[in-house]
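Quick note on our numbering: the sequence shown kicks off at 1 and runs consecutively.
Treat the hints as calculated values from the structure; they're not laboratory data.
Any given hint could turn out to be false.
Stated by the list, open to error - With a straight-line cut-off of 25 Å between C-alpha atoms, the simulated SDA-like cross-links for lysine to any residue are:
hint, residue 1, residue 2
1, Lys381, Leu159
2, Lys160, Ser131
3, Lys295, Glu363
4, Lys295, Gly216
5, Lys295, Asp176
6, Lys94, Glu220
7, Lys381, Thr9
8, Lys123, Ile206
9, Lys94, Leu159
10, Lys295, Gly169
11, Lys50, Val180
12, Lys381, Thr71
13, Lys94, His63
14, Lys255, Glu236
15, Lys273, Gly128
16, Lys160, Phe127
17, Lys94, Gly128
18, Lys50, His100
19, Lys50, Asp73
20, Lys273, Lys381
21, Lys94, Lys123
22, Lys160, Val180
23, Lys295, Met268
24, Lys123, Asp66
25, Lys123, Gly282
26, Lys255, Asp176
27, Lys255, Glu363
28, Lys273, Asp179
29, Lys160, Ile206
30, Lys381, Glu363
31, Lys123, Leu284
32, Lys50, Arg383
33, Lys50, Glu380
Predicted, not measured: the structure shown is a model, and the values here were computed from it.
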Amino acid sequence: MVIRSVSLTHVRNHEHTEIPCARDVNVLTGQNGSGKTSILEAISLCAIAKSFVPVSDQALIQHGHDDCTSTVDAMRDLDVPYRVTVSVRNGTRKRITTAHGSSLTPRDIIGELPMVALSPDHKSVTFGGPSERRAFLDGVMAQSSRRFTELLYEHRRLLKQRNAALQHGAASGGSDVLDVWTEQFVNVSAEIVERRHQFLVDVTPIVRSAYEAVSGAAEEIDVVYQPDVLTHGTMEQGAPYSTEAVAASYRVASKQLRQRELARETTMFGPQKDEIAFMINGGLVRETASQGQHKSLLVALKLAECVLLHERCDERPVVLLDDVFSELDRDRCARVLDRVLLMGMQCFVTTTDGDNVMRVMREIDAVRGGGIEMSLISLEKGRASSTSHTGHTSVTTAEAA
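Whole structure, please, built from the sequences with the hints as guidance.
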């Protein structure tokens with residue numbers, strides 16, 4: 001997938017901005033608050049129907065306006081045009097339009113424009129709690145599998161219904177409705193566990209390879225799935241995670257926990273309680289890893305995400321690197337950019353030091369003998385200006401109304 005242009009209207013501090021995009025690398029430069037990240041958020045909105053930054057949809061809308069709109073014009077790897085427009089309005093559902101219709105839902109477009117984002121906010125994947133790692137895993141899997149996206153939506157709905165039934169059951173003493181919701185919840189949850197397990201089996205060797213490439217260190221990396229089904233029920237470590245076996249264990253857990261759940265009025269088992277443990281040299285990353293190891297692992301996870309999305313979507317993802325040059329040393333940044341370009345993926349980079357990033361890019365370009373198409377886009381308070389460069393860098397014209 002290659003984005004040809006991005007258009008933003010009332011997104012953050014952008015009144016209206018249109019940016020044509022280079023095939024390989026687009027460097028967005030400007031001071032903090034100039035609107036660099038907002039352009040990446042606009043791309044993210046068209047890819048996964050929300051910002052890659054953990055904010056509400058309303059936070060994307062420019063102050064003084066009721067809605068915002070983002071449009072991406074792209075070309076698929078098989079030279080098929082793809083255009084998507086997403087509008088966010090206060091208090092209403094998003095309006096999503098593609099060639100397939102104008103009344104689409106987020107699940108209709110997730111995975112159509114595969115995207116990998118890396119920003120300082122993603123440090124929580126290795127530093128944070130289990131929910132951060134589950135969100136990372138589910139985000140990758142949702143983009144690569146329409147079925148998994150549906151399972152996540154269904155799980156959320158059934159969890160809400162089951163909790164409501166627990167609250168009602170605690171008040172009335174009835175269990176018939178709770179049993180109905182429990183069976184549906186168990187079946188969906190079991191399939192999520194099976195799919196998560198298989199995905200982690202597939203991704204672990206890719207993470208190991210990417211970590212060594214980024215860090216230059218031959219350390220032992222492991223990704224360990226610790227599903228909640230091992231805590232409750234009859235499932236044992238090492239048993240096959242088939243949907244049938246997991247569902248059977250969950251049914252036992254639901255009976256064992258019934259009285260405690262009724263007392264607490266909440267579901268106490270399920271994939272919403274799973275953990276994914278990252279290990280380096282046998283130690284838990286969140287407890288023993290150095291700052292450098294954390295950074296290298298996060299980059300390795302994102303590079304592995306690039307590989308998996310390419311394989312499973314049959315489309316090269318677009319890569320968004322938000323302020324990574326302030327978080328990673330120059331060598332790591334160069335390795336990331338080099339790996340992304342080796343995979344033939346379009347990259348968008350935000351930075352306050354555009355000249356530094358362009359120097360890194362020219363070094364990579366020189367090693368390869370030229371041919372990398374690049375653009376440097378300067379922004380100031382939501383306005384983008386054109387800048388021309390010599391060498392292999394293309395001239396970029398970006399207009400802001």
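### Task
List, from low to high, the hint numbers that the structure doesn't satisfy.
Violated hints: 1, 5, 6, 10, 11, 16, 17, 20, 21, 23, 24, 27, 29 and 30; rest satisfied.
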